[in-house]
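**Q** Below, each chain spelled out in residue letters.
There are 6 protein chains.
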Amino acid sequence: MVSKAFLLTEMTWPEVQQALHTVKIAIIPLGAHEQHGPHMVESCDAVLAEEMGKRLTERLYPQAILAPTINMGVSTHHIRFPGTISLQPTTVIAILRDMITSLQQHGIQQFLILNSHGGNQATLGVAVDMLTSELNVRIYYAKTTASAKDVMDRRIESKMYGHSCDREVSEALYLAPQLVRTEKLEKADYQEGRWQHLRPGNPLQGFYYYDEMTRNGCIGDATKASADIGREIVETALDRLATSIKEVM
Amino acid sequence: MVSKAFLLTEMTWPEVQQALHTVKIAIIPLGAHEQHGPHMVESCDAVLAEEMGKRLTERLYPQAILAPTINMGVSTHHIRFPGTISLQPTTVIAILRDMITSLQQHGIQQFLILNSHGGNQATLGVAVDMLTSELNVRIYYAKTTASAKDVMDRRIESKMYGHSCDREVSEALYLAPQLVRTEKLEKADYQEGRWQHLRPGNPLQGFYYYDEMTRNGCIGDATKASADIGREIVETALDRLATSIKEVM
Amino acid sequence: MVSKAFLLTEMTWPEVQQALHTVKIAIIPLGAHEQHGPHMVESCDAVLAEEMGKRLTERLYPQAILAPTINMGVSTHHIRFPGTISLQPTTVIAILRDMITSLQQHGIQQFLILNSHGGNQATLGVAVDMLTSELNVRIYYAKTTASAKDVMDRRIESKMYGHSCDREVSEALYLAPQLVRTEKLEKADYQEGRWQHLRPGNPLQGFYYYDEMTRNGCIGDATKASADIGREIVETALDRLATSIKEVM
Amino acid sequence: MVSKAFLLTEMTWPEVQQALHTVKIAIIPLGAHEQHGPHMVESCDAVLAEEMGKRLTERLYPQAILAPTINMGVSTHHIRFPGTISLQPTTVIAILRDMITSLQQHGIQQFLILNSHGGNQATLGVAVDMLTSELNVRIYYAKTTASAKDVMDRRIESKMYGHSCDREVSEALYLAPQLVRTEKLEKADYQEGRWQHLRPGNPLQGFYYYDEMTRNGCIGDATKASADIGREIVETALDRLATSIKEVM
Amino acid sequence: MVSKAFLLTEMTWPEVQQALHTVKIAIIPLGAHEQHGPHMVESCDAVLAEEMGKRLTERLYPQAILAPTINMGVSTHHIRFPGTISLQPTTVIAILRDMITSLQQHGIQQFLILNSHGGNQATLGVAVDMLTSELNVRIYYAKTTASAKDVMDRRIESKMYGHSCDREVSEALYLAPQLVRTEKLEKADYQEGRWQHLRPGNPLQGFYYYDEMTRNGCIGDATKASADIGREIVETALDRLATSIKEVM
Amino acid sequence: MVSKAFLLTEMTWPEVQQALHTVKIAIIPLGAHEQHGPHMVESCDAVLAEEMGKRLTERLYPQAILAPTINMGVSTHHIRFPGTISLQPTTVIAILRDMITSLQQHGIQQFLILNSHGGNQATLGVAVDMLTSELNVRIYYAKTTASAKDVMDRRIESKMYGHSCDREVSEALYLAPQLVRTEKLEKADYQEGRWQHLRPGNPLQGFYYYDEMTRNGCIGDATKASADIGREIVETALDRLATSIKEVM
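Here the protein sequences line up with chains Y, P, A, G, Z and R, keeping their order.
With the numbering used here, letter number 41 in the first sequence gets 41, and the count goes up by one each step, no holes.
For any residue, its number in the numbering used here is found by taking its place in the second sequence, counting from 1, and adding 1000.
For any residue, its number in the numbering used here is found by taking its place in the third sequence, counting from 1, and adding 2000.
For any residue, its number in the numbering used here is found by taking its place in the fourth sequence, counting from 1, and adding 3000.
For any residue, its number in the numbering used here is found by taking its place in the fifth sequence, counting from 1, and adding 4000.
For any residue, its number in the numbering used here is found by taking its place in the sixth sequence, counting from 1, and adding 5000.
So here's chain Y without its partners, still in its complex pose (with noise of 0.2 Å):
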């Protein structure tokens, strides 16, 4: 699907050596294990995050080579769901560290990590402000669709999404409908509770359950997903993301 990319993990040493004259900055895609309702696996974070990760790679054809995915994430939200995973925050900075000082001796000195995951988001900017300072390298992070907000605002009914909902299943059914159940499809089975009053917008922030929220694991209402909505808002995303990277770079 992909034409014409720098993937690190399907090339050799010596494709990687040659590929070093041009590339400037390295993707680093983060997804998640965790619950996604009755009608995504649980590893649609990590397949979304990497299937982002080639396209804007291929967009980014010579500068950009595409780190392998990290596949689990912090998901201390969800882990009261089967087959839930998560990491510590602490463990993901590990992983991004090494990762970084890895590729630096590579001779590659910019990173993009191409985040599909809310609850990786903190993490992240801990993340940036600690490993920029201590390995002199240029750190960039973005949700991996967040800037197609307009375009969600516009296709997507429901009043909050945000996980295996519309918006999600859409990505999915564009980009890896492997990941989707579509025969079971459905919306959230909301209830009430503590989780209401720490939404964004509201005053207060913090830690609740996702099952205190949800039911089934989903918000939103994912019946009303597809791949069309998928493509508007993935292709607009990576354009912009591609934009922004060309202007930093």
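If you are wondering where the hints come from, they were derived from the structure by calculation, not from laboratory data.
Among the hints, a few may not be true.
Calculated lysine-lysine pairs in the BS3-like style (CA-CA distance at most 25 Å, straight line) [to be verified]:
1) Z/Lys4143 with A/Lys2149
2) Y/Lys149 with P/Lys1187
3) Z/Lys4149 with Z/Lys4246
4) Z/Lys4143 with Z/Lys4246
5) P/Lys1184 with G/Lys3004
6) A/Lys2149 with Z/Lys4149
The hints should help you fit chains P, A, G, Z and R onto chain Y, whose structure is shown.
**A** Frame of chain Y; chains P, A, G, Z and R shown alone:
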């Protein structure tokens, strides 16, 4: 200025013992020690967090108690300006762990970290995730006046604000005027740079030093600040914070 | 290729919940991201560990479940070759701790770390010692095909093998031929050095960089590899591993 | 009260920049947040360290600058009394490392940690050992008034003193009378116990909780305290500290 | 017993200074403190490592110097037997880091860790990987007598040996007979268990407690031990170690 | 020399098991490996701690058991003299944590750390604070002969003593004469410096290297040492330590 409130620093142990009969939540002010341009002193965030903490504790009397203020925070962005002291994110988390562990031994199970400094937010996100499961307590956090966003949007003229700006100087003029050198108020002395692609709302986030953005260390226009603007922001935020805490407590 | 097996990355949480009725052990594939000479791509070990994991999980159905693959490992020896990424041993142990802790919360008490990369073995020895007592679980580990040592000795002609050699290329040709550049197969380009006194079987062990030993990053003679050799090694090892796990489970 | 002194918390960055032309040493006050019996508030040590710091900085003007106060310390011994907050020794060392590292970036190479709390002394001994070689700076530390030991011996009647006693209350009456509940002054309410074999001067040292020793949390006899005793202790100590610092600076 | 050798513990600093003119490698003996059945004392491994270290240092005079012995190690497997003390792998690595860092400051750049205890081997593998790149030194390690494997195979009758067995008791009878209770020699008191599937040579490795395997804490048959067998093993190993070190030094 | 005492290093596990019926406290000798001038060898502190430990354990028979000696300690001050090895304070604490944790599993709940080296004292203060609450045990510590301060004051002529001086050489002549080069006894070769303002009794404390103080690494006057002085110091201290332990045990 504060009429009746449980302030832990100003109590003896028998007084604390008595207060614990009604106290349900501890409020931990978190500030920073960092440059605030030519017109505010470096303790600005620590003092504002403490002042907000006192007022909020007063409103929640006798259910809240104010813990000592953490008077330094994560200020890597400002480290190139003379006088800035920055704690590692891991240090801030260690302080919070020790404070919460100690207060938990006295019977307190709920905590609000009241943070005045944007640079601490990612660290708090991580801290709350980690410490909630480690210690089995409820932890909330809030940016001191962020819940008055609508008031800011109405009364602040500068397009970009957030550090030693119209908003922050206004809050200080109302809460702690000794922090402000009123004879030295300046607006931002911006310069071109990479930061323009990394502000909130852009596709990318990333680390930059504050002096890449502004030569004098301020943003916005502090000459337009007033105690009256400060009053409206502060009082609105305090009302909303108090209401929210009562709802979740 | 895998007919019926519990693959955690490809399941929804209700499917995991159902599987946990019979699952007694989680299999964690551990690989590496490192140079494999001019004829194999850098993800080789990660892919082989995952492929072995799938097949072993299939044989142990419905008692085993396959966890996500740890796709980087301890590759300090290879860091001087372009593209290699090496995790600190402490990072690998942190990942394992987090994975096992998470899966333990879902009721799993036995773990097999299925490792394809020699450079991870010491770290696993330490990890198993530490995590067994910390977490009170049973942890086993195995080099993916080491139990077919007799087959290797019979079918591999090279005196020294172990990395991007006759053996490893054979395994790849059988399990994941896309990893191999069949048009670029080379034998080792050895050079004299300190490493000759540090190979297994010598009185001393010690660290050396792989390029001190071989200029092209391979050992043995990959031109003698075949899918048929790979098949015999792999299938023998899978049989023996499955038998052993059933005995201890 | 302090006439002319560089107080970092009350300066803007251009003022700090100017001061750094003459500043050779930074003074870091270190206190504690812990019970002080029925007649002193819990912030006692933090406030006394800061007050001593201000006065010492004044005497060393323009060669010293006062850093923000570390307002909590190692108070494990007091944790069973309501309100006490104790930091781990490792946390205190982390704070000191971050502060010294930050100030070093502004050009300061000498540091005095001015500590008012006995429970911090061992941690400081360790911190100074570790940080001196890590950071290649000169670090001194002093108990705030310990150098006036002869004055204490002459003017304090209680045989055992050191915590919320004749000495400490006297210092507070002179430096920060708001810390003292003068209407509640009590002498120690001792009880028998293991601690009697563990006080300084005994063959053994060891950990005991303060409530094993004294029911009301004090030692000595605070009813004999006076501002005049405090004045002599404090001023003698300040003279001696200032002299010593000038000698080594 | 040792005629001429640089033993760091028995030298004054001027003597060390003199020795450093010829010394090229430091030998660090690493043992353990753990149960050795009814017929050997718990310091067995520490003493044997030190004795081997002395003899090896003598053979390498004047190019080697013997560092102090690390007299405890990783003994988790034995912790259920009275008296065993086990260090965490991270503790052993910390000790090695500190020792090597110190000796490096005196000008030594090569190190041999001479280890008598199998349970330390994985930790050493990790230590050598980490410390080599951290400290930029050359580190070798060796099991004390492992290089005499052919002698053991020829002279030891027990099929399984390795801990307080024919081999180890023989080594002790030759090197340090005071370690052996000759009147209490016993052979292993084995029992059935999971361990049978986890010994070297099996497809799986994994952790088990030693008392799952042997009730008296021994394996093999110590009644067949002799000083003569010990002599041949020890002297052969010393010859081979000395030769190897000269080759790489 | 020691008639009847439980020495853990010299016991088999069945003997330990038997001893544990009466043992109530474990004694952990802690020394150092550091320069002791031209007339004492570098293992001095480790050997003296162990010798004192043996004698004290004998006096407390059958209630005490002697753990293995920690033969290196915190010797940063001496690191510039050839041969000195210094452990980080965190390493010493890790060793103590592991030892106490292990011995606690065998049923021992009280510990005495018997320390011969002043440079370890601050670390012990921290260790005892941290480990007491972490592990819920009773931990005592003592400088080996500090309780005989009155004897020292009476019999030692040098004004300043404490390291390879009249006192320490006397102790060694009595306890372990092999440590002393009697033909090379020297008094201190002092030089002027910052250290003069940092000795105990001065207002300031702080770190300095030992060679800033004394060119030959000694203080005091070792030529005045005698085994008889050593005997009185040692025997007095042992009596007092034994009495104190019996009181708290």
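**Q** Now tell me if each hint is right for this structure.
**A** Hint check:
1. Distance check on the hinted pair: lysine 4143 of chain Z and lysine 2149 of chain A sit about 24 Å apart at the alpha-carbon level, within 25 Å; holds.
2. The suggested pairing of lysine 149 of chain Y with lysine 1187 of chain P is violated, with an alpha-carbon distance near 32 Å, which exceeds 25 Å.
3. At most 25 Å may separate the alpha-carbon atoms for a hinted pair to count; lysine 4149 of chain Z and lysine 4246 of chain Z meet this at roughly 21 Å.
4. With a CA separation close to 17 Å, the supplied pair lysine 4143 of chain Z and lysine 4246 of chain Z stays within the 25 Å bound.
5. The hinted pair formed by lysine 1184 of chain P and lysine 3004 of chain G meets the criterion: a straight-line CA distance of about 21 Å does not exceed 25 Å.
6. With a C-alpha separation of about 20 Å, the suggested pair lysine 2149 of chain A and lysine 4149 of chain Z falls inside the 25 Å cut-off, and the hint holds.
Going down the numbered hints, you'll see the structure goes against just number 2.
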